[in-house]
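Participant: Residue numbers (the working numbering), protein chains in the order written: chain A, 1 to 342; chain B, 343 to 684; chain C, 685 to 1026; chain D, 1027 to 1368.
Hints are computed from structural coordinates only; laboratory data are not their basis.
Some clues are possibly wrong.
Computed footprint of chain A on chain B, listed as stretches where at least three residues anywhere in the stretch have a Cβ under 8 angstroms from a Cβ of chain A [what the hints assert, rightly or not]:
1. 526-534
2. 538-544
3. 573-582
Below are the DSS-like pairs computed for lysine-lysine, each with C-alpha atoms no more than 25 angstroms apart in a straight line [stated by the list, open to error]:
4. Lys453(B) <-> Lys984(C)
5. Lys424(B) <-> Lys405(B)
6. Lys111(A) <-> Lys1189(D)
7. Lys642(B) <-> Lys795(C)
8. Lys1326(D) <-> Lys300(A)
9. Lys1137(D) <-> Lys300(A)
10. Lys821(C) <-> Lys847(C)
11. Lys3(A) <-> Lys63(A)
12. Lys642(B) <-> Lys984(C)
Which residues of chain A face chain C? A few of them, derived with a C-beta cut under 10 angstroms, are [said to hold, decoys possible]:
13. Tyr12
14. Phe46
15. Gly51
16. Leu55
17. Asn134
18. Glu136
19. Gln140
20. Gln337
21. Ala339
Glycine residues also receive a C-beta, built at the ideal position from the N, C-alpha and C atoms.
There are 4 protein chains.
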Amino acid sequence: MIKVGIVGATGYTGVELLRLLANHAEVQVELITSRSHKGTLVTELFPSLRGFYDLVFSEPDNKALAQCDLVFFATPNGTAMKRVPELLAKGVKIIDLAADFRITSQATWEKWYGMEHACPELLTSAVYGLPELNREKIKQAQLIANPGCYPTATILGLMPLIKHNVIEPSGLIADCKSAASGAGRGANVAGLMAECGESFKAYGVSGHRHLPEIQQILSMIAGEPREITFVPHLIPMIRGIHATLYGQLTTDIDLQKLYQEAYIDEPFIDVLPENSHPETRSVKGVNQCRIAIHQPQNSKRVVVLSVIDNLVKGAAGQAIQNMNICCGLTETMGLDQVALMP
Amino acid sequence: MIKVGIVGATGYTGVELLRLLANHAEVQVELITSRSHKGTLVTELFPSLRGFYDLVFSEPDNKALAQCDLVFFATPNGTAMKRVPELLAKGVKIIDLAADFRITSQATWEKWYGMEHACPELLTSAVYGLPELNREKIKQAQLIANPGCYPTATILGLMPLIKHNVIEPSGLIADCKSAASGAGRGANVAGLMAECGESFKAYGVSGHRHLPEIQQILSMIAGEPREITFVPHLIPMIRGIHATLYGQLTTDIDLQKLYQEAYIDEPFIDVLPENSHPETRSVKGVNQCRIAIHQPQNSKRVVVLSVIDNLVKGAAGQAIQNMNICCGLTETMGLDQVALMP
Amino acid sequence: MIKVGIVGATGYTGVELLRLLANHAEVQVELITSRSHKGTLVTELFPSLRGFYDLVFSEPDNKALAQCDLVFFATPNGTAMKRVPELLAKGVKIIDLAADFRITSQATWEKWYGMEHACPELLTSAVYGLPELNREKIKQAQLIANPGCYPTATILGLMPLIKHNVIEPSGLIADCKSAASGAGRGANVAGLMAECGESFKAYGVSGHRHLPEIQQILSMIAGEPREITFVPHLIPMIRGIHATLYGQLTTDIDLQKLYQEAYIDEPFIDVLPENSHPETRSVKGVNQCRIAIHQPQNSKRVVVLSVIDNLVKGAAGQAIQNMNICCGLTETMGLDQVALMP
Amino acid sequence: MIKVGIVGATGYTGVELLRLLANHAEVQVELITSRSHKGTLVTELFPSLRGFYDLVFSEPDNKALAQCDLVFFATPNGTAMKRVPELLAKGVKIIDLAADFRITSQATWEKWYGMEHACPELLTSAVYGLPELNREKIKQAQLIANPGCYPTATILGLMPLIKHNVIEPSGLIADCKSAASGAGRGANVAGLMAECGESFKAYGVSGHRHLPEIQQILSMIAGEPREITFVPHLIPMIRGIHATLYGQLTTDIDLQKLYQEAYIDEPFIDVLPENSHPETRSVKGVNQCRIAIHQPQNSKRVVVLSVIDNLVKGAAGQAIQNMNICCGLTETMGLDQVALMP
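For reference, chain A alone in the conformation it holds in the complex (with noise of 0.2 angstroms):
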């Protein structure tokens, strides 16, 4: 059994992790932590976990984290990179669900997530761990950076047509949608039913934190530099992202084929059929991603819908797939549960 323990564990991520793990048949949760609950149990949070777990939040302590074989950072930025180069010195896998170690350029960082960088040396060495692009680097890995929900979505939309170079570098753009949950789970007017419910909006237009990251991974498949124009908005529920993604071909080419080849071996990429519309409700609870690819009139303007749980493959689902793969277990051990419908 592989001992694990959660640092942050009152917030979505963190519940969602606890949640996908209680039936992970290779791994004990040790120890969950949180500075705000100390020594109140988890089931009185959240009493869903009920019969699944007894363990007590305690404050976060690296000695106690390194007793771990692997630590979840499911805290918010700025938290993990405190804590993680002790905790790599002393053996300990990480993985960050965070934005501490996404972005490589220390100065691109700094810039969008307005603090210095307790570990800049780190940036390089990290694996950025998305499985279906690094699955090789994850496996050595010891420090993962978990994608961010927003880039999950538009990368795994977007990569066959760039690694296939088939798409013009210019003018990509993200109309992405995203549920309430991916807020977080700090108390915020912003946030509150009677605010967002009912409601729908963009946000963020003049620069979302995720550009940078989902630019860097373009340009990494692209090889050289690629821009994107990312529109994020808030759908007024509480689970799912929703990635409209808007190329222009350079060549004629079958798509469908393209997309199904590409992710054939993928256990968490879906290509739907042609002329389908993914709902997110298609993936409610579960570590996939599906996908449609379209044509509209037959022109070289393409159109692909990819969606996603913002919660499991946008952030504590695919974290566990990360972890699967770097302790040499199975892939999809512990996620092959059924989207919640309806």
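For chain A, the structure is supplied; the task is to place chains B, C and D on it using the hints.
Facilitator: Coordinates of chains B, C and D only, in the frame set by chain A:
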């Protein structure tokens, strides 16, 4: 034109006052206050008001408020009582949308609201602003305690039964359900869409602050003490209260006729035809209470269904109705909208 | 492996059976039927099942169904009764998720369901599939009537009080609230999001089909006739039932202890700590009933709060629990998921 | 008083006309028709109208309709065209809220709407009822084609860019999102709350009927053919459309100023301050279009955000605006409500 001020205009009842007063023919909103948003244009916070107001939030100040004919307090409990005595002395009419003056007994108020009352001498002179019960007193009132949302739906639903003494004194139940805006616009985890969306729960079963208010008014109507079991629940939506009220008849009586006659002259009470089930959306945005009466299986059991919009007949709309009455205006002025359906 | 068939697998209870059985270790779904979707891949209708099933809907046919060890009927009321006698004769076990075999009195059934019963001789031999009440009978049963959703939440909430005879026989109230999926997957105006979203209402106050079912079982438990006032309401959400149950105690008793002892061995009943308020989301997607008991204002009034997922413990999950019991499998097999939160 | 009739008043645009006309000072609704609800009181179907109307639905009949000054057709596509020629001949003004007269090319109309047009000779004389584009023509019009909801949001968002020729002709994208009421009030599985709630999806990517309408009007404005990629999506809520519009600037220009000047005299277009993100709820229930303009990362890329209420500025409100114009009334009459927030 009547000059009004609104203290605490950044919450839901405050902005609802602004919405309803925007087209009121005899009222001019002169002044809106907010400590936290001093200097901010109201339309910056609430773009829905663009084109209707160019007011800026100011620091609350009694001197400025005293220039108004009438001041609405749309503040948290315990705020109005600190300013009301001075404003009354200056001849300003006051309508408090919070609970400071709803309970006549100081001891009861202090027990349920957990603080000392700043002007207990006003508790018995304040008029409980339920026009269907107290219209004549409201006409003369200088200080009006606007009723709570649950009490409004519950009392209007039970009043004919109690007034005509056709129901057993014991065993009354108010199983009430409220939308999320009832909890106000303050930042809190429990009100997040990702917390209260797609879920339903009871709360405060051991005792909710609206219980003593309901019991006080029902007792006043009955002329002797009345108790009730009151269980509030939270509905995953934005606006609306549904009260399901249970009692036991003491006599054979035509309930439909009783209610229709009781409310025949009331502009804002709508007794539905027999065998109806009022939907909260039928009063969305309007100052109406719709009521249906049932005797399931023709037993002595009576079930009353009563719906209001918690922010309108349950708060701001009723406050304007009270303002109209106490200022000598037509009672329905500014309150003639049609509910938003769908 | 137990071979099962599902008749009427295009509705919500049918697809929920498929979701829950996808990972059941001892069951193979052999056959799914649908008249209207004959020839369609189940994954075309329900993309959430892609990767788990490659079944095609077939025309219902007793010969084919007779090849199964057990057949679930997830059909409208009045459908199962036409096929059950022949299938029973061929030795197939039957679990009917509809109401055909829930009422033992033919006259009562025909009155409430408005049709003639096709095999009234089976009404008294069918076993009411509430394991917490009838586990021993279910073990031997060949024909199981899976309980209704409202009756499940209500009966589990009241059973300890009635069994121990600590509650007044009269005056029982079940104020129940159900999500929209309870109305099924048939096209209808009232179920449209634009109709039932952002609204709340009671319905069927004059009499709902689950009333005679609840009264029959409560009477059975009491050993004498019991009546109840049952008022169902519609919540603007997808899954979940909340029953708020009211009764009058006849004695002083530690209710918390009574319930904990009553359900101590039940794998799917969770009695919450004192002063709890169960949320429906705490059972979203899982075969749990969570219960809290209150005595507000320390009176003789008892208020029980009982929540289930209407499609799981209220339908498909309970059906699988019954299948496990009557087929000699571990009762909890395939039912060990954690609720989806948030 | 202008006498109006509404054909097909049982759908969402019909009942929205009734809501908005209830308080219109110069209009009397004389006649509402519905084949399926002939003889039913409108308040029985829509209790929100109780107290405002005592009309009964009648069978549609041209003789009765001809008594009206103006008739609204709030009917499915293909209905109005069968009655319009006769009513025009009798001097009645017509506003069709469906699509029968929106497309000037008969061939295009018949291709997209899949039926033969009953009066193609009227296609070119009908006036496209977008007041911000066609006000002078509307003043003289007898037959007005009320625009589609998506086209309204899209065209108003793009018009200044195209009129001033500051945007590249190719590469336009309209990524649009609509609430569920846009699909109408007909019974259908896809519109059930349990189907479209808590989910998000694109639809009609290969071609939606509003595409030729948008392209026709954009081409008219440009004075030469314009194409656009149009992708509609379904939001899990009741009212509102959000159009996110993408183009490429051909020149350096102050877009904020361009839009503010373009719409400075328009009572129903609100250009928000720089860096704004309009929420659909800011126009809930009102005849407003709120627009914000962005140039993310200061590139040549322009992103326009445009929101309307699909049932008001996208349907019934715009129809009343058109009525006011063509009947010589003040354009804003009856359309001065404040949006319902929250």
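Participant: Each hint: holds or not?
Facilitator: Status of each hint after checking the structure:
1. 526-534: holds (count 7)
2. 538-544: With 3 residues closer than 8 angstroms to chain A, the segment 538-544 of chain B meets the three-residue bar; holds.
3. 573-582: The restraint on the segment 573-582 of chain B holds, since 3 of its residues have a Cβ under 8 angstroms from chain A and three suffice.
4. Lys453(B) <-> Lys984(C): holds (23 angstroms)
5. Lys424(B) <-> Lys405(B): Distance of about 14 angstroms is within 25 angstroms: holds.
6. Lys111(A) <-> Lys1189(D): Violated - the C-alpha atoms of Lys1189(D) and Lys111(A) are around 38 angstroms apart, more than 25 angstroms.
7. Lys642(B) <-> Lys795(C): holds (23 angstroms)
8. Lys1326(D) <-> Lys300(A): holds (22 angstroms)
9. Lys1137(D) <-> Lys300(A): holds (23 angstroms)
10. Lys821(C) <-> Lys847(C): Status holds; Cα separation ~18 angstroms.
11. Lys3(A) <-> Lys63(A): OK: Lys3(A) and Lys63(A) at ~14 angstroms, within 25 angstroms.
12. Lys642(B) <-> Lys984(C): Distance ~22 angstroms between Lys642(B) and Lys984(C) Cα, so the pair holds.
13. Tyr12: holds (6 angstroms)
14. Phe46: holds (6 angstroms)
15. Gly51: Result: holds, 7 angstroms to nearest chain C Cβ.
16. Leu55: Constraint on Leu55(A) not satisfied, violated at 14 angstroms.
17. Asn134: Given a least distance of 23 angstroms, the restraint on Asn134(A) is violated.
18. Glu136: Cβ of Glu136(A) sits 24 angstroms from chain C, so the hint is violated.
19. Gln140: Violated - the Cβ of Gln140(A) stays beyond 10 angstroms from chain C, reaching only about 29 angstroms at its closest.
20. Gln337: Holds, about 7 angstroms.
21. Ala339: holds (4 angstroms)
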